[in-house]
Every structure is written in C-alpha cells, then in structure tokens.
Amino acid sequence: MRSLHSKIEIFCGTGGVGKTTLATSRTLFLASQKKKVLLITIDPAKRLTQLLSMNEKNDGTVQTRTIDDATFDAEIFSPLKTIKRIAKKNHSTVDFSNPILQSLIKPHGGLEELIALLELYYQLEYGKYDVIVLDTPPGKHFIDFLDATKRIHIFFGNKTIELLVKGLKKSSSFSFIGSLLDQGIKKILGALENVTGGPFLENLYEALNTIIKNKETFLEALSLEEDLRNKEVTTIYLVINIVHAKEEESQHLLQKTLHFTSKEQITLLANRSLKESILTWKPLDSEGKNLKKFFIAQETTTLETLQSSFSKIKIFKDIDASDPLLHLRELKKEWQ
Amino acid sequence: MTKSLVDQQKNVFYVNLEETPTQLLNDLNLPYRKIDFATALRNYVDKKIQSSIVSTLLAKIPLLPLIAELAPGLPHLILLENLLTELLSDPNLYFILDAPATGHAITLFDSPETYMKIFQSGEIFNEMKSMREKIKSNNLISFFVVTNARELSFQEGLDLLTYLEKLNLGTNLLLLNNALTPLKVQNLPPILQTRLSEEKQITEKYAELIQETIPLIPLSSPKEIIHSISSEYVR
Numbered sequence: 001m002r003s004l005h006s007k008i009e010i011f012c013g014t015g016g017v018g019k020t021t022l023a024t025s026r027t028l029f030l031a032s033q034k035k036k037v038l039l040i041t042i043d044p045a046k047r048l049t050q051l052l053s054m055n056e057k058n059d060g061t062v063q064t065r066t067i068d069d070a071t072f073d074a075e076i077f078s079p080l081k082t083i084k085r086i087a088k089k090n091h092s093t094v095d096f097s098n099p100i101l102q103s104l105i106k107p108h109g110g111l112e113e114l115i116a117l118l119e120l121y122y123q124l125e126y127g128k129y130d131v132i133v134l135d136t137p138p139g140k141h142f143i144d145f146l147d148a149t150k151r152i153h154i155f156f157g158n159k160t161i162e163l164l165v166k167g168l169k170k171s172s173s174f175s176f177i178g179s180l181l182d183q184g185i186k187k188i189l190g191a192l193e194n195v196t197g198g199p200f201l202e203n204l205y206e207a208l209n210t211i212i213k214n215k216e217t218f219l220e221a222l223s224l225e226e227d228l229r230n231k232e233v234t235t236i237y238l239v240i241n242i243v244h245a246k247e248e249e250s251q252h253l254l255q256k257t258l259h260f261t262s263k264e265q266i267t268l269l270a271n272r273s274l275k276e277s278i279l280t281w282k283p284l285d286s287e288g289k290n291l292k293k294f295f296i297a298q299e300t301t302t303l304e305t306l307q308s309s310f311s312k313i314k315i316f317k318d319i320d321a322s323d324p325l326l327h328l329r330e331l332k333k334e335w336q
Numbered sequence: 001m002t003k004s005l006v007d008q009q010k011n012v013f014y015v016n017l018e019e020t021p022t023q024l025l026n027d028l029n030l031p032y033r034k035i036d037f038a039t040a041l042r043n044y045v046d047k048k049i050q051s052s053i054v055s056t057l058l059a060k061i062p063l064l065p066l067i068a069e070l071a072p073g074l075p076h077l078i079l080l081e082n083l084l085t086e087l088l089s090d091p092n093l094y095f096i097l098d099a100p101a102t103g104h105a106i107t108l109f110d111s112p113e114t115y116m117k118i119f120q121s122g123e124i125f126n127e128m129k130s131m132r133e134k135i136k137s138n139n140l141i142s143f144f145v146v147t148n149a150r151e152l153s154f155q156e157g158l159d160l161l162t163y164l165e166k167l168n169l170g171t172n173l174l175l176l177n178n179a180l181t182p183l184k185v186q187n188l189p190p191i192l193q194t195r196l197s198e199e200k201q202i203t204e205k206y207a208e209l210i211q212e213t214i215p216l217i218p219l220s221s222p223k224e225i226i227h228s229i230s231s232e233y234v235r
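Chains as they are written, first to last, in this note's numbering: chain X, 1 to 336; chain V, 1 to 235.
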C-alpha cells in the first residue's frame, strides 16, 4: 500500500465546458500556495498545448512551467510513453510496429484510460507531488477511466485471455491440450482465422502477450481503486457551463460517477457565470433586455435543478479576457 | 437537424454515439436509434463466423465484451456498416450521428483505416475497403463541425475540419454556434463586448470557411431552442 501523502483532484464533465482551463487554474492556485503539483491531461485535445505552450513532441514527458510566482509540472498523457516506461521497468521487449498494439495504445485507443490509470499510479508512487490534478476526457470517457480497474479485473481475473494467447501460439505444446476449454478456444480461433486471415491472429498473439507479460504492473494499479473511493485522498470536480448546462448529460455523469465514489467527494463547478458581470447592465433595446433576462434565468434554473444533487457547488465567473494566460490568472483568484 | 428533416417529412433517425438524451428526444417526438454495441458486435461476429457452435462458445466467455471495450472504434465501425447497408437500400433515409468531442471523433473516423492496417487482408479488410469506397462514391456523408467563436474552441474546430478534409470521406462544413453577432444588441456589457469582438475577429478571418452562423437563442428550454434552430437555420 502506497503512502497517502499525495492528493488526487479529478476534473470531469461534458465537452467544451472548460475542464482543462479550470484544472490548469487549480494547478496554478495550488502551486502559488507552495504545493508541489503535477497536472496531467488525459484528453489530448489541444487545450493544454494552447494554454501552457506545451510542445506536442514532448507528450508523455513532465514539463515544468512557471506563471508569475508559481511553478508546477504538467504532462500531456501519452499511452505510448507510459507503455515504453513500463516495459523498460519490467525488462520486457515490446514490438511497437505491431498494428494491433499501435491501435490500442494510440491516443483515444482502447487502452487509453486503462494506461492513464497506470500513469497516475506511477506518479503517485514516485511520491514527488503533494497534489496530482487530472484533467479527463469528456463524458463517458471519464467513466471509462474510473472503470479501468474493473477492466483490469476482467482482463486478468479469468483465464480466458491467457488461454487465448496460448491457443494463438501455434507452435506451443502447452499442457491444456485435451481440456474442453482449450478445444473451444481452438475452435474459435480456427473460425476467426477464416475471416481475419493469419497475420491478424499472429499480431493479436503478440499484442495480448505483451499485455500479459506486464500483468504485475496492471495488478499493482488496482490498489488505486481504494484511493479513488477515499474522500481523504480524491476530490472530483464535475464541471458544467452554467448558461448552457447539459443537465440531462450532467445528471447521467453524476449518477455513473456515484457508482465509484461517494457524493461527499464530488463538487459541482458551475463555470462561465455571467450573472455578476451583467447585473448592472441596463440594456437599451428589447433584444438586450431578453438577453439579460435569459442569462440570469438560465443560471438560476441550472442551480435550482442541480442543487439537490450536489452537496458542494462552486461558481466561477466568466472572464472578461480573450488571452488564455489572463484567463488562468483570473480563475486562479476564484480558488481562494 | 433531425427535427428539421422530420418537419420536411424525411425518414430520419437521430443516433448518439455516446449517451442518448432520450428524455429530450421523447419530448420532441423525434425518432432515434439507441445503440447496443455489444449486441451489434455479437451479431456481426455471428454473421461472419457462420458457426453456431463457435457462436455459442463465444457467448459463454467474456471475450467479445472485452474486445468491444478495447478495440478502438470497432463497435462504431460495425454500427456504421449496418447504417450504410440501410442507407444504400433507401435513398430517402437519413441518419444524424451525434459524434463524440474532437479527439474521440477522430478515433472514430480513423477506424476504417486503423482496421485495414490491422487486418491487412481477408474478408474484413475487403469489407472495410468496400465500405470506404461506397461512402465516397455515393457522397453519403456530410460532416458538420460545430464550434463556438471562442479562440480555443474555434482552433480545435479548425483542426478537426483540416483533419476531415484530409480524410476526404464527404462534404465538410463548419457551423458557428451560440454567436452574439446576429443579435444586434445596442449596448452590450463589457464582458459580452469582449466576447463579441473576439467573435468578429474570428468570423472576419475565417468568413470563407464558416458555412452557417447560428445565434445564441435566448430561450430557456432545449426543446424551444431546437424548434427555433430547426425552423430557421438548418433547413
């Protein structure tokens, strides 16, 4: 069991609500409080590249940034870099030209969220940081991240995959021959080969075998499940756009998140509030009057609707600046 | 778009590739297809393998759900193949696919190429190839990249548009949503003035790329907003 020294803060929400900007402003705030902070974005939409002038060539590498008096680390998650590091640690060779493995570990590939869990585990084990801020992909892909431990359980928790790999290794003389299950696997593979052709099955063998060879690393990360459920360790920020709140989607996301965590761990961040900035506005025409009424009504309704679902709500005002750096500085103040 | 096509008596279905907002769709009385990827994958494998023994064995082990979860875009690809078959048999049919946000949308649109690389030859490879050719030759797909006029979002939208142009699968259109420019309010407060000037800079610079500008609709219910947009902007 790792020490509970580091805290985890996770930012999630539907697309385009400002998760990355708020996560970065939170990182900046914590760093200004002299905390050692690492910001990891799992969603390689280009927001962090734009916000912190991160070079895409350095994806998967921790880079240090200083804004005003605050210094922090940031990383755009790269599944490939994480797998390379794991393979090196486990002294296992990986054929990165394997097309199946390539598709599984490319950004947004099928293993992305699962490998992200390994990256988080690695950084926690490394023990350098007081807080790790995690910026997650939109909607269901955040749930896939929370669900990653379940997938590790499914993958390694039964013998199917290992039998499959043994079945795929045609030259092997493994001891399962004769068993009914083995016969079944052989039958499946024979039928699959008719459809997929040989190279596919060879590549599948290599890809699955690579994963199995690093089984221990995946299993170690299962201990994170407990940390993610622990309110003393993990805080989840669910971000919405308060004016254009996708309430049905946000409620879905909340309900699914509650399968993994407790309500006390979740704070609703109602972002881009205009209310304070437009209260003193005196519109001269009916269009302006409608617009003011609309913004105020939207925010009121959103808060009324979601209030009962969240025990903690924090409102962030929309920032009157188009420069991303000014945005960050202003949002940082809101975390005080 | 779905509402507009329904109003034009078209045979149309809304398909969300992630979470279906069933309540909203039911309120609007819009036809939709809810996707069960595991079943779609199972049916596909059954069709391909044509062996009841193997199908039964597959059903007894958790292999298919696992492959469905791990293989990027595979379930979506199978879904697209099903939709394509329907589209080719009915010229009056439309599917409005509500795709995931940028990065995951790219994985989805990349999936035919990805799987062609994975399979390299054989029946599935040929099917992927034929699917891509059918889409291109029948001009079956229009991509609508929807963005707002904030600098970071718009840049992301432009990157997606560039990617789609390289992909060359159909017509690509850029829509600007929640725009303040068309509202013609006399005296906006400073925060909205800043937003408006950012929007004007973007719309002037990229005027040729923006196909349609949809204003911010100051109505409270999503249902009313959809009514307004469908009747005025996406006909």
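A couple of the hints might just be wrong.
Below, in silico cross-link-like pairs of lysine-lysine (DSS-like), each with a Cα-Cα straight-line distance of 27 Å or less [unchecked claim]:
#1 V:Lys117 to X:Lys84
#2 V:Lys200 to X:Lys275
#3 X:Lys213 to X:Lys88
#4 V:Lys34 to X:Lys289
#5 V:Lys117 to X:Lys293
#6 V:Lys184 to X:Lys289
#7 X:Lys150 to V:Lys34
#8 X:Lys57 to V:Lys117
#9 V:Lys205 to V:Lys166
Everything labelled a hint here was simulated from the structure, so no lab data went into it.
Tested hints:
1. Among the hinted pairs, Lys117 (chain V) with Lys84 (chain X) is consistent with the structure: their alpha-carbon atoms are about 22 Å apart, no more than 27 Å.
2. Using a Cα cut-off of 27 Å, the hinted pair Lys200 (chain V) and Lys275 (chain X) holds, with the two alpha carbons roughly 23 Å apart.
3. For a cut-off of 27 Å, the pair hint linking Lys213 (chain X) to Lys88 (chain X) stands: about 12 Å separates their Cα positions.
4. For the hint linking Lys34 (chain V) to Lys289 (chain X), the alpha-carbon distance of about 40 Å lies beyond 27 Å, and the restraint is violated.
5. Of the supplied pair hints, the one linking Lys117 (chain V) and Lys293 (chain X) is violated, its CA atoms being roughly 54 Å apart against a limit of 27 Å.
6. Note on Lys184 (chain V) and Lys289 (chain X): the hinted pairing holds, with a Cα-Cα distance of about 12 Å set against a maximum of 27 Å.
7. The hinted pair formed by Lys150 (chain X) and Lys34 (chain V) meets the criterion: a straight-line CA distance of about 25 Å does not exceed 27 Å.
8. Taking the CA atoms of Lys57 (chain X) and Lys117 (chain V), the gap is about 24 Å. The hint holds against a cut of 27 Å.
9. Of the supplied pair hints, the one linking Lys205 (chain V) and Lys166 (chain V) holds, its CA atoms being roughly 22 Å apart against a limit of 27 Å.
Of the numbered hints listed earlier, those contradicted by the structure are 4, 5.
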